[in-house]
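Student: Mapped onto the numbering used here, the consecutive letters of the sequence shown carry residue numbers 1120 to 1829.
It is possible that part of the hints are untrue.
Stated by the list, open to error - Ranges of calculated distance between the beta carbons of each label pair, as one might list FRET restraints: (1) GLY1715 <-> ARG1188: 35 to 41 Å; (2) THR1731 <-> ARG1565: 54 to 60 Å; (3) ASP1665 <-> GLN1483: 51 to 57 Å; (4) GLY1715 <-> THR1351: 37 to 43 Å.
Don't read these hints as lab results, they were simulated from the structure.
Quantities reported herein were computed from a predicted structural model and do not represent experimental measurements.
Positions of the beta carbon are idealized from the N, C-alpha and C atoms, including for glycine.
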Amino acid sequence: MDSDGTQDARGTHASPVPRPAGPPQVPAMPPRPPRAPATPPLPDGSAFLTWLRAPRPDAAPGVWRFGHRPRPAEEPEEIPARQLLSGALIAFLVGWLIWSLLQNGYIGTWWWVPFDLIVPDAWRGGDSDLGETGTFILYQGYELLVALAIMIGAARLGRWGEVWRRFVTPRFRRPQAPQTRTTPEDDPAQWNELRAAGAADAAERLAAEARTGLMRDVDHARILRAWQGVRTGRHSLATFSGAVLKDGAAACLHPSGERDLPARLARHDLVTGQVRLGTTVDDARNPYAYRGTGLGLGPDLLGTSLVAVGPAGSGKTGTVVRPLAESLCLHALAGRAAVVVVGAAGAGLGPADAYDVVVRIGNQDSEYDLDLYGGTTDPDEAAAVLAEALVGDLADPHPGSDSRRSTTVLAQLLGPFRAVHGRFPSVPELRQLLDGAPGPFAALRRGLQETGQESLLRELDARERQMGQPGDVGGVLGDRVALLDRPAFAGFFDTSGQSRPFTLKALDHPVRVRIDLPQRGHADASKMLARLVLAQFTAGVAVREDRSLFACLLLDDATGVVTPEAVRGIQRLRSGNAGVVLTLRTLDDVARPLRGPLLGATGCRMALSGVTPWDGQDFAEVWGKEWTEARDVTDRQIIAETPAGKAVHMLRRVITGKAPTARAVTVRQVERERWSASELAHAVPAGHAVLSLTDVKGEHAPPLLVDLRG
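My request is simple: use the sequences and hints to build the entire structure.
Tutor: Here is the structure:
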């Protein structure tokens, strides 16, 4: 089915959702006029070129690569400051003492032996060939060499170099901007790849746009995405070059006509695709290579999905979901991603102008509707997705269980109804059929008899026989559908073609979607709709034609959403270049048998400040243990045997107030939890989180303590 996201069950169009960015084509309808940019163009391209040429070295997963300076994998042994300074001072005094002894002849004149062996006799004495001045300089020069040798030895012994680096250099060091690459062969602002492919004119036009400040980061990412289409053969080089020569940095626009978001709250780097979420704390529990580095997430990590757990007020929405939604919207404007953000109305998920489609369920002023059946025309597929939404949380939450009975009941009704009416039933019609209302059943039977649909007639007969029988789930389905058959939803889930339904089949295109759920007064309906969106998302991304487009669903409260089928769907997303971001107030909102599978199905796991010890225990189990060095220190009292020793011990006791002791240190290797449940519950400061990462290639980062405010 070739859906652009607004087709209803009969295939009729409303207003099309924006199509993907690419080389210019004749559009089906003109795009919206571009909005004024969030920030005016720079007066020159110096800032953009500095950003573009900044170093971005390869780094471990999660490291903010923009301007990153790699650190050693292991922490170098650092001498305590007091010990270092005292050692440097003692080494200086020792060197001074040795020089004084040499100068005053207390240790002989043996240090003049090299001078006597090397210097000719004619150069010595007052009547030498060099004269008095030359002889004086010769002797003083030798003494200076000896003094330098003593000073070098004292400096090495006292580690003067380390003292200089640790205590002197930082006082004079100025903050340095990231060094930029200026070699023409490696300069990304010269677009050398286009020149090599024969598009020198287009490369020169883009380079000029960058120098004059007419290009921004989204333009650069979008044109690179279009160039990838040329390399893969989807677009011709001539079409791409013509678009660039005509429009410059504004070539290959997103169908919305926008080149940036109305506002940005987070730091983004579209060259690496990362958004900065915070700073890894300089803490002994973090690997040394990560300490003090920025934390950056991109599609390479979100492709393994993320689950974040923290109580209300811990920062899940403001510090995690909002920056990620902003980043993915920028990727969508660059033609790289499709994003769907789901949350409660007024949750702070970004302004409406940052999205192409905003579905406000329960708000009669909403411009868009939500397709209850996911845009499919297959009754069995529609029944499976709808059953997951209606009663997925009631299924047995053990691996291998499913909701096949509910799917069968819905399929027995959806198939005959579509065969007779050419569309799927609306919410009131579906409720009547599930309740077994005689009028709709009789009308449906007559329609099937008139068209000779014998197989579907047998399906309807089976449904009538099952109604009222023990174990029939039709009544449960009817009760759940009744939650949507409310006056607040009267204008939604329309199947007659009168509204503008959005379907997640549109994820073939770089579309930005926000779905507002009506949680106030409709909490159960909101959970059901969230399950519906997740089920449609996991089903839709699996059949996409263009999987080079990253698809992501951000669900800002997954309470009651995690079901056995949802966990299985999340496990399949990585192979489809897609991922989900789920936030939970507590893991108690997930059935106990599903907590382990959920944490196992997601590659990125985050525990925010304030989690309970029970939630911390689940994270501690999934993060496992590691071998660490344990040091046991034992103080043993020293017993003096002689009268003099006893007198000394008594004097020390009078001065220090403690008995003389000897300290014994035992070092051994032990296996301990990376983060214990108690540490996660009580040792994570406010505004911080512990986060483990896994990218789509399988590389992973251990749990990291991160300051989400940095």
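Student: Please go over all the hints and tell whether each is borne out by the structure.
Tutor: Hint-by-hint comparison with the structure:
1. GLY1715 <-> ARG1188: 35 to 41 Å: Given range 35 to 41 Å: holds, Cβ gap about 39 Å.
2. THR1731 <-> ARG1565: 54 to 60 Å: Since THR1731 and ARG1565 have Cβ atoms about 58 Å apart, the given range 54 to 60 Å holds.
3. ASP1665 <-> GLN1483: 51 to 57 Å: violated, 35 Å
4. GLY1715 <-> THR1351: 37 to 43 Å: holds, 40 Å
Consistency with the previously given hints fails for number 3 only.
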